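Q: The primary structure of each chain is shown beneath.
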Amino acid sequence: MSQMETQTTTGETEEQIRDEWLEYDFEGESALSVEDLDVFYGNDQALQSISMDVPEKSVTALIGPSGCGKSTFLRCLNRMNDRIDAARVEGTVEFDGENIYDDDVNLVELRKRIGMVFQSPNPFPKSIRENISYGPRKHGDIDTGLVARLLGRDDRDEEEELVERCLRGAALWDEVHDRLDDNALGLSGGQQQRLCIARALAVSPDVLLMDEPASALDPIATSKIEDLVEELAEEYTVVIVTHNMQQAARISDQTAVFLTGGELVEYGDTDQIFENPQSQRVEDYITGKFG
Amino acid sequence: MSESGGANHDRANIVTETSGVDRLAGVPAVFGAVAFVVGWAIVFRWVHVTDVLAGVTYATLLSAGHVLAAVVLCAVGVLSTTGVVDTDPDDSTGLFTALAFGAIAFVGVGLTASQTFDTGAGVWLPASVVALVLVTVAVLSVPEDLGVTLPVAAFELVVGLAVLTDVIGPSWTWSPHGFSASFVGPIAIAAFAMVGSLLCVWAGTNASQGFGSRGRELGAYSLISTYAAALLAILVLLIVFVVQNGIDQVLKGAQLWPFKLPFVLNGYGLQYDVNGIFPAIVGTVWLVVGAVVFAVPLAVGAAVYLTEYADQGRFTRIVETATNGLWSTPSIVYGLFAFAFLLPRIQNNVTLLTGQLVLGFMLLPLVLITSREALQNVPDEYRDASAALGVTQWQTIRSVVLPAAIPGVLTGVILGVGRIAGETAPILLVLVREPFSASAPSVIGSFHFTASAPFVTNEALLSPATALPYQLFAVITAGVGASQEFGWGTALVLLCVVMFFYAIGITTRIYFRRKLRQ
Amino acid sequence: MSGASTTQAISRSFGELDWPARIAGLVGALSLIAAFAAFIVEPGAVVFPALVFVAVALYGWFAHQAETARSLTFLATASTLVILGVITVYLFVKAVPILRQMGASLLTSAVWDVHGGRYGLVTMMWGTLVTTIIATLVSAPLGVAGAVFISEIAPKSVREAVKPAIELLAGIPSIVYGYIGFVVINSYMMDLFRLPTNGSLFIVGLVIGVMALPTVVSVSEDALNAVPNAMKDGSVALGSTDWQTTKSVSVPAAISGISAAVILGVGRALGETMAATVILANVTQLPEPLYDVFGNTITLTSAIASQYGVAAGRPTQLSALFAAGVVLFVVVLALSVVSQTIERRMQQTLGGDQ
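Sequence order for the protein chains is B, X and G. Start counting the first sequence at 1; every next residue gets the next number (the numbering used here). Start counting the second sequence at 292; every next residue gets the next number (the numbering used here). Start counting the third sequence at 810; every next residue gets the next number (the numbering used here).
Honestly, the hints are just simulated from the structure, not real lab data. These numbers were taken from a predicted model, which means no experiment stands behind them. Heads up, some of the hints might be wrong.
Stretch by stretch, here's where chain G covers chain X in the computed footprint (C-beta under 8 Å, at least three residues) [said to hold, decoys possible]: (1) 529 to 539; (2) 681 to 691; (3) 757 to 764; (4) 790 to 801.
We treat Cβ as the ideally placed atom computed from N, Cα and C, and that holds for glycine.
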């Protein structure tokens, strides 16, 4: 492999660095642990043998130039790649003591526990309230239908409580609490994205995957999302993809650097990655020499 | 941050244990799939209910299957609800499902009460309504695993026993009051098989996933997939049927060398050993050519004006509404219009030209809509790039926009031609005097130039002609005189012509759409 | 473009031209109007103004190509409006005599008395109504289910084969369906369902429903396909199943397109002529009792197609057939406008997703 000969800042080979961060020791438990993950689109390999552990209740940033496979990697973590016909995944992702790529994994349960926020806001063309309660309704936790009302099992109060809790959690409550029945498509882009975060919170996930959640937003909306992400990390494990290095440096606890060709080149504490990267290529990328 | 949320909930494991109930629930699902096919086979009369398979009649086999499915479904429901097997049912079955079962009960009780016990509407109507309400409420008030399995099991048991005990046997008939039709045993047994099989497929696959949202998903998917397969099979059978019936007639007297295909290449008359439809084919060709010559320039011109010149506003909306209106106008209305407007003005008689014009009127909106779509799909960057080079608008349209839109326009024209080539109604009133004609119109050879107005005449254009779809209609109206084989042959040739245009049109569209996406 | 600004634009571009071009434009416009008028009044004379128009157009093409192209495309656009106008006028004009004779009873009477010269359209309207309802009951639910299958359930390879196949089937000419209905289904029904006569509203509705199916499938599939994948992904990422996503996200988001497809199918069923004409016996009597769908009667379309021949010598009967055409035309136009309004709303709903 070519990276064997690549120069590094400490004079080690990349292989040695890799071995080091494979033992990268963070404080706390790991929420997700990925081992030897390969992804192919048809004959193209999008990810090459990725291994990393994601610590729980912290923010892990995935950075790298476009096309480096960081979004693909993120979509592997809750098996959203299953929805792309040509994608093929090898390797294991361990979550809650199980490999999520086992045959008998219940995708409904998996995705309930590992939520996702997408690059561009994708609220449903329904009211704000219905957007929030969508997940719990589908899982049978909230029922406000005709039959439930007739049988006296109406969950309206729970729904109200849930909507308020999630909107507060996504720092959106103050802006929309007086128009919960308006169509969500009428919100601004930043509000829509926070609504999508609130919607993901409503199913009480353990892990929240965010795919460049601020890339389609203006600076003010972006800073709101960034504050929110830091806050969320107190309760949730957040894995966030971004191409904005300042953003990664500001909000993340750990950073993983992907480079072109779908390899994970370096992974460690955010401070260490940005101040003292071990790989020459990572340093070049971070200092803006390429990428 | 909120006080709850996060990882302090009671968590379901992400792995679902296989419970073994899936094997058991596969029994009704498989029976359903088989019974569905057998039901159709009975309707198509490929098998008869009294035919014997392995010593038992199909009627008995089917009803035994119904009873077996009922027993298994019952067992699955009970095993699930008592917790012997591990499933994930919701508290209650959905309202829609409950109402569907209620509706089945409504129909069943209503038919039994009104027909078997011959009661009036004063009795059977309340009885059916009571059945509907009872079943709906019952289904709603039990957990999902029972709500899915037991109603289906009940239906299967009733129809299975009804046939087994010969209450509704092969010789049973039923003539409902007020309807001209009678229903006979084989049809009823086939109908039971089909309805029952769909229910079994649904309930079986639903149960095999342990109910819950994933069970409902698989249930719905297998139901819709079964239906989609049936739809495709029927539509394909339709084509196969026409080919099967028509191929002999088309190939009558045919030989490869020297090439002879008399049905396609002969006219209709005493001088031919095999009567053929050549004049009709030529007539259809000329109709299509005339319609294209008339409509395509107009349609493309209008599409260019609407997309490139006109401001998007009230005017374009009015034209759009008019175009869509023209597009959905019934073909017979075009025929009436041509009869009232064109016919008196062109020779005051049925002519090929009138037929061409009326088909052109029909083609116009079709081509206009697709051309407009094609023009709109040309990226604005092309126009901007051209305009930035100082090229005038018309030159941009001519050298950049139109060439880029040609594939889309062409596709529209081909699909439109396919449609008008098969139309009968518009030319019904204005084209034909003698459907079974001996010779084809020779349009190219009949141009004559004259010194006085109108300077150019064409005898063939101003004479009656015939066309493939009309010929088929004529076979039907001629009744006893015309042979059915002749009709099937004509139908096959017409189908080939139209399908040919459609196949080319759809293929080019797929090709260019794919190219556009790359 | 509002009327005022159109006029302004025309006068502005007119002002930019030199004198020969202005004269040519004027002559061209006048000759075209003259040709149209001549065709209406005296078809034999149409050739002279038409030749003048062709000459002017040729001159314009070589002297002022851009302006000529613009004018010609505008004329093409106007021609669609003219055609719709002429169709409307001639249908109505031809229907006026019977309306004058029968008055409102044209639409309320079921009498079709050729010898007495009294015509009411109720029988035909009833036949059309019943067949359209049956056809819609067949094509709407099954068509939407088929669209859901292609767009949401089928794997990619199946989808790519089935979608074009369905479009291909939409092209089977109606007379072929009619022929199958006439030769095969009619005798099958008489044989198995013991129908007393050849043909029934039920068979016609069934055949038309199957005929409209591919169109409904194809158009609703387009609507479902237009729902952004991001929206579906959002639902799946919340842990809902694909089926829940289809039911709660895709179908509601595409509902306007789906209803437009169903309306289109209804329009097709209403206007379907040949299948009804050849399958039915076209007796001008209401079924007895009214709800006997296995009865034999006539529809608006099949009345026109089966009686135009005998009506040629009877102006009132012909006028009554035109009245049937007017009823069809008006209903179908109304349906078309409704479906366009719905579709426009759909574009607004999904267009808001930006």
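Q: Each hint: holds or not?
A: Evaluated hints:
{"no.": "1", "hint": "529 to 539", "in the structure": "holds (count 4)"}
{"no.": "2", "hint": "681 to 691", "in the structure": "holds (count 6)"}
{"no.": "3", "hint": "757 to 764", "in the structure": "holds (count 3)"}
{"no.": "4", "hint": "790 to 801", "in the structure": "holds (count 7)"}
Of the numbered hints stated above, none is contradicted by the structure.
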